[in-house]
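Asker: So the chains spell out like this:
Number of protein chains: 2
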Amino acid sequence: MTLGALEAGGTKMVCALGDETGKIFEQTSIPTTKPEETLSACMDYFKDKNIEALGIACFGPVDLNRQSSTYGYITTTPKPGWANVDVVGAAKKALGVPVGFDTDVNGSLLGEVTYGDAKGLTDAVYFTIGTGVGAGIISGGNLVHGMMHPEAGHMLLTPREDDAYKGHCPFHRNCFEGFAAGPAVEERWGAKGVELADRDEVWDLEAYYIAQAMVNCIMILSPQRIILGGGIMHQEQLFPLIRKKTTEMLKGYIKAAELEDMDSYIVPASLNDDQGIMGCLKLALDELSR
Amino acid sequence: MTLGALEAGGTKMVCALGDETGKIFEQTSIPTTKPEETLSACMDYFKDKNIEALGIACFGPVDLNRQSSTYGYITTTPKPGWANVDVVGAAKKALGVPVGFDTDVNGSLLGEVTYGDAKGLTDAVYFTIGTGVGAGIISGGNLVHGMMHPEAGHMLLTPREDDAYKGHCPFHRNCFEGFAAGPAVEERWGAKGVELADRDEVWDLEAYYIAQAMVNCIMILSPQRIILGGGIMHQEQLFPLIRKKTTEMLKGYIKAAELEDMDSYIVPASLNDDQGIMGCLKLALDELSR
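Sequences listed follow chains Y and R, in order.
According to this note's numbering, the first sequence is numbered sequentially starting from 1136.
According to this note's numbering, the second sequence is numbered sequentially starting from 1136.
Derived by calculation from the structure, the hints in this document are not laboratory data.
In this text, a Cβ means the ideal position worked out from N, Cα and C, and glycines have one as well.
Among the hints, a few may not be true.
Here are a few chain R residues that sit away from chain Y, every Cβ distance over 10 Å (derived from the structure) [stated by the list, open to error]:
#1 T1156
#2 D1179
#3 D1252
#4 D1258
#5 E1286
#6 A1287
#7 C1310
#8 I1389
#9 K1390
Straight-line distance between alpha carbons at most 16 Å, and here's what the computed EDC-like set of lysine to aspartate or glutamate pairs gives [claimed, not checked]:
#10 R/K1227 to R/E1296
#11 R/K1147 to R/E1172
#12 R/K1301 to Y/D1179
#13 Y/K1301 to R/E1296
#14 R/K1158 to R/D1408
#15 Y/K1227 to Y/E1296
Sample of chain Y residues facing chain R (criterion: CB under 8 Å; computed from the structure) [claimed, not checked]:
#16 T1156
#17 S1274
#18 I1389
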């Protein structure tokens, strides 16, 4: 079986061929420029490859409501030219195969729970903490959409008493993304995260905000595991700090076996940065069996 | 069809008979004392009533994991005598019928999405804001359990600058319950909520905290509607304040048709305080068809 996978990002499109086991046969990368140009180049890649279905994990916001007239569209993105772009429609028209569609972060989460260390979990969260903060969520075995889709990077957080930084998000300054995404780290400390790797106070504060988000996720979703990816999480010294602070902030309120082993509860992505594209293969597979 | 419904609360047990349409034939209330005594009295009520199944919505924390050896138990409650009580086991043994089981708040939510104004919604949240704060959540048509069940009353909130009150929750003082439950209102203002009904500043502050919780719920779960019940929400002047502050705090970030009509988005419970017992009827019905 050959399935197509398209991880549609704001800076590049990763196009790949693979199968239902998550095996990737080949992949290529196409820069994200204008919608027609970019999507045409992607479709040219998939044409004549005999794919049975295509899975797309897309930057957003996107419309995931199958009853909506704009299902499969990128909706209100500030990215120039990309608002109201019919991604699924373009793919169906060009390829004539079933097209699965979800958010980029739901794609990554789906990769992890289908092919990664989180395989088989029914309730899990995948955060990417990088230029922005996004979250893919699965609950009871279903990717969470709701009225739109989660935007958990914008949950509100409490500033630490000694942190005078006002936050980077133009919408709500005191949100997870506003306090903890890459641009916030850079603006607060005056240097990029990679240049601050040996500054303990940077990662102690970063872990403080990420741990708050972990606590709110645990209280609201009760996930079996939380996976953290994205550029900021390449600072691996964050993991033990986040686990410790999350435990401290939970204050022993939630009694669950999972929380007694935090090393297995808050974990890095497990698929060598292929979780997104592998999630697309699963989106394609699921669309085939609808 | 006759179904049994048991809304198991910390102060009383409501036992009722009804049917699959949500119609309640009769009901009674039994005080919650010692587990054996209370559960025996409940089972005596249901005996000889020819119920086809029983649904129980129970105070907690409870074990909802069907694979667990303590499925159907109340687990770590501080309520004296009620930790590690096998509620489902007692009911099955006494009645010999299928027994559905979930949290009290999931029961209320299930009542609302099955028989109430939220009928047919697949993604919704029910908060009860009273002596404590609890939340029932449905996502993709499934009641959210995860590793345990949501405890969204304990999400962390940010104190308002002019509020010096340190919070009432003995676990995490700056959580939703700690800032906004009945005992917090009473401790902060020196009088019970009902006695403060005409004090605008009380409800302005209360709405500030509830709105923060709404924002976090919206960001993480993307619900189609949020239902607010419980003693505090009898102060109906809260609804317009909460809606306004929620909109303000969202800062226009989420574009969704639902949020353009906040009067239909953040709403009171619709079933005249019968949402819990009606949810139990649905739990019984669902257990029958498992």
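Asker: Against each hint, give a clear statement of whether it holds in the structure.
Answerer: Okay, the hints, checked on the actual structure:
1. T1156: holds, 26 Å
2. D1179: holds, 32 Å
3. D1252: holds, 16 Å
4. D1258: Violated, because the least Cβ-Cβ distance between R/D1258 and chain Y comes to about 4 Å, which does not exceed 10 Å.
5. E1286: violated, 5 Å
6. A1287: violated, 5 Å
7. C1310: violated, 8 Å
8. I1389: violated, 6 Å
9. K1390: About 5 Å separates R/K1390 from the closest Cβ of chain Y, which leaves it inside 10 Å; violated.
10. R/K1227 to R/E1296: Roughly 52 Å separates the two Cα atoms, so the pair is violated.
11. R/K1147 to R/E1172: The hint holds at about 12 Å.
12. R/K1301 to Y/D1179: Violated: R/K1301 and Y/D1179 sit about 60 Å apart, past 16 Å.
13. Y/K1301 to R/E1296: holds, 14 Å
14. R/K1158 to R/D1408: holds, 14 Å
15. Y/K1227 to Y/E1296: Answer violated: Y/K1227 to Y/E1296 is near 52 Å, above 16 Å.
16. T1156: Y/T1156 check fails; min Cβ-Cβ to chain R is 26 Å, beyond 8 Å.
17. S1274: With a closest approach of 4 Å, the Y/S1274 hint holds.
18. I1389: Interface hint status for Y/I1389: holds (6 Å vs cutoff 8 Å).
The structure fails hints 4, 5, 6, 7, 8, 9, 10, 12, 15 and 16 (numbered hints given earlier, in ascending order).
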